[in-house]
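Novice: Spelled out from the first residue to the last, the chains are:
There are 2 protein chains.
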Amino acid sequence: MAENNPVNVAVVGATGAVGEKIIKLLENKDFPVKELKLLSSQRSAGKKVFFNNQELTVEEAKPESFDHIDVALFSAGGSVSKKLAPEAVKRGAVVVDNTSAYRMAEDVPLVVPEVNESDIQSHNGIIANPNCSTIQMVAALKPIQEAFGLSRVIVSTYQAVSGAGNQANEELSNQTKQYLNNEEMTSELLPVKGDEKHYPIAFNALPQIDVFQDNGYTFEEMKMINESKKILHAQDLAIAATCVRLPFFTSHAESVYVDVEQDGLTVEDIWDVLKGAEGVTLQDDPGTQTYPTPLSASNQEDVFVGRVRQDLDHDKGFHLWVVSDNLIKGAAWNTIQIAERLITNKWL
Amino acid sequence: MAENNPVNVAVVGATGAVGEKIIKLLENKDFPVKELKLLSSQRSAGKKVFFNNQELTVEEAKPESFDHIDVALFSAGGSVSKKLAPEAVKRGAVVVDNTSAYRMAEDVPLVVPEVNESDIQSHNGIIANPNCSTIQMVAALKPIQEAFGLSRVIVSTYQAVSGAGNQANEELSNQTKQYLNNEEMTSELLPVKGDEKHYPIAFNALPQIDVFQDNGYTFEEMKMINESKKILHAQDLAIAATCVRLPFFTSHAESVYVDVEQDGLTVEDIWDVLKGAEGVTLQDDPGTQTYPTPLSASNQEDVFVGRVRQDLDHDKGFHLWVVSDNLIKGAAWNTIQIAERLITNKWL
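Protein chains in written order, with UniProt numbering: chain A, 1 to 348; chain B, 1 to 348.
It is possible that some hints are incorrect.
[Unchecked claim] Straight-line C-alpha distance at most 30 Å; calculated DSSO-like pairs for lysine-lysine:
1) K83(B) <-> K47(B)
2) K197(A) <-> K177(A)
3) K275(A) <-> K83(B)
4) K177(A) <-> K275(B)
5) K197(B) <-> K177(A)
6) K316(B) <-> K229(A)
7) K83(B) <-> K197(A)
[To be verified] For each label pair, taking beta carbons as the anchor points, the in silico distance ranges come out as:
8) T186(A) <-> S173(B): 58 to 66 Å
9) T290(B) <-> G92(A): 47 to 55 Å
10) H314(B) <-> E55(A): 49 to 57 Å
11) P6(A) <-> G194(B): 52 to 60 Å
12) E55(A) <-> D195(B): 44 to 52 Å
13) T288(A) <-> G78(B): 20 to 28 Å
14) Q235(B) <-> S151(A): 36 to 44 Å
15) H314(B) <-> E278(A): 25 to 33 Å
Since the hints were made in silico from the structure, they are not lab data.
In this text the structure is predicted, and so the values were computed from the model without any measurement.
Glycine included, every Cβ here is placed at the ideal spot set by N, Cα and C.
Required output: the full structure, derived from the provided sequences and hints.
Specialist: Written as structure tokens, this is what we have:
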């Protein structure tokens, strides 16, 4: 990346779980940063952060913060993006937004670069980064869709608490200690910060991620369904999702079941397309107990796929076990990838 | 139960995780026990156990142990059942076997009393208790199958470590403490005791329960598929399963997706049949965040169902979230229920 003309970058939400990862990746990936501006809420402003051995001070995000910014990476929640992303665009920045604020807007591309990179060029100043659970699933589905066609997707997720932010990590740690000490567990955050009831996540499973919609689905489930159709350009693809929060810190796993359109396929055919897929690593060998897990996928950039099996009762049905770091490929890394392709393709 | 003529009962595997629950239930359910004989391996023989305020000594299980026994409840692993269940039958006992040794044998009924009680009467001395993950699923599926027909089942499980025995609970506790102390985790048991590799379960998810079969499925997955077809008398029902071990101690959860045969159904229709189903408790109200979890279902006898939703893209597709205590309904309680019905129906 370093050979490109450097640009002025702003990170909004610089002190959050995803913002921290973004800053680290900008550094590690040699992203062509001319000047880096770190922005946050008033509460976190003033904090010091190191970037390329330079101490930077986090500033409160305001409309004027985006003067002279070329690329603004937003990860500070939907309400901040709704308020400030248009201000950034007005001042000439291109926004990569890592919240749900603009994902389903018709004039906003929703992008996983390995899947639909070319959608980026139709942007009107904002490109949306999909939900973490969506990103890893479509990365695994795209090569199969392209090679064999897909008619149906049924997914059940196994999601890490860090998807709900750093506070959720603390809640899991605290409850775990309380449980092992035979104390009552304190539940104040999960499943959803602003919701009425809170349940323990330690040594438990919560079949609720984000708030319930009128149709009985959670918002997380609707995100997976709607975002996947948009990214895969497949409004007719049937997608069904159940999203479950589990007591681990990092990386989401997904049990993905697909019906392919083509007849006569085998597991080897699915392996072949996954082996050649950008950003996907196949880890699948039952004979040596080889499969990805949340711990093995953590701190990695790729989407890992294992346990590929053909349905014994339906020739066109296949199982996949898809695991990826929810803060990296599921958030920070996908955001950086979009920004990179904006620059290298001269689509800014 | 107490009004029935009391019988002589043997519990094989009396000191194991399931055996302990069986003894407690025999007491709590006022099972008509004339004499109780507690049997185990040589290693555990000599231990003392209280039953109805009486101290009993665990004896080593031998063929002669079953002289004068009417009902023998086996939970000591498949190899013990293979060796000793025929000896018990030879001596006139009826065996309820809680291992996989006889489940798929054609002349052995495989029974969940709420689902196929009448199969019990065709026994030839042995009745098999299904696998824990199978029992709770078929209990939820049966009323739907009966009312509306089923054409397809796709399940992803969220299974507790206690399914692998008391040692697995200890491994989860120890690894959890090690992780929180920033120590390396010691993995010696899971995913499968006798298998080559062991991975940490604490703060992780392991997509392997029991050993891999030649077809790439685990034995646990094959159990769910084959046992469910047998219990539901539905060899043509398509069943696909992915089984995953998770870091909690008790109760399995299952994300079950079904295609029904009947057209035009709604969530209310599914609710109605589940509400009337024996042994099933519906806990399903998104408006009040009501759904079962492993913690809420633990130490309960019922199978709990929530998150019933119609597939937004497939009118005949429905999601269910099915949770039950794997040691109680998934093992000890189902075993006791079979023994009860043997007695009350005079099928001994």
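Novice: Are the hints correct? Go through all of them and say.
Specialist: Going down the list of hints, with the structure as the test:
no. : hint                            : in the structure
1   : K83(B) <-> K47(B)               : 23 Å, holds
2   : K197(A) <-> K177(A)             : 21 Å, holds
3   : K275(A) <-> K83(B)              : 47 Å, violated
4   : K177(A) <-> K275(B)             : 38 Å, violated
5   : K197(B) <-> K177(A)             : 28 Å, holds
6   : K316(B) <-> K229(A)             : 20 Å, holds
7   : K83(B) <-> K197(A)              : 51 Å, violated
8   : T186(A) <-> S173(B): 58 to 66 Å : 20 Å, violated
9   : T290(B) <-> G92(A): 47 to 55 Å  : 49 Å, holds
10  : H314(B) <-> E55(A): 49 to 57 Å  : 55 Å, holds
11  : P6(A) <-> G194(B): 52 to 60 Å   : 57 Å, holds
12  : E55(A) <-> D195(B): 44 to 52 Å  : 50 Å, holds
13  : T288(A) <-> G78(B): 20 to 28 Å  : 25 Å, holds
14  : Q235(B) <-> S151(A): 36 to 44 Å : 25 Å, violated
15  : H314(B) <-> E278(A): 25 to 33 Å : 31 Å, holds
Consistency with the previously given hints fails for numbers 3, 4, 7, 8 and 14, ordered from lowest to highest.
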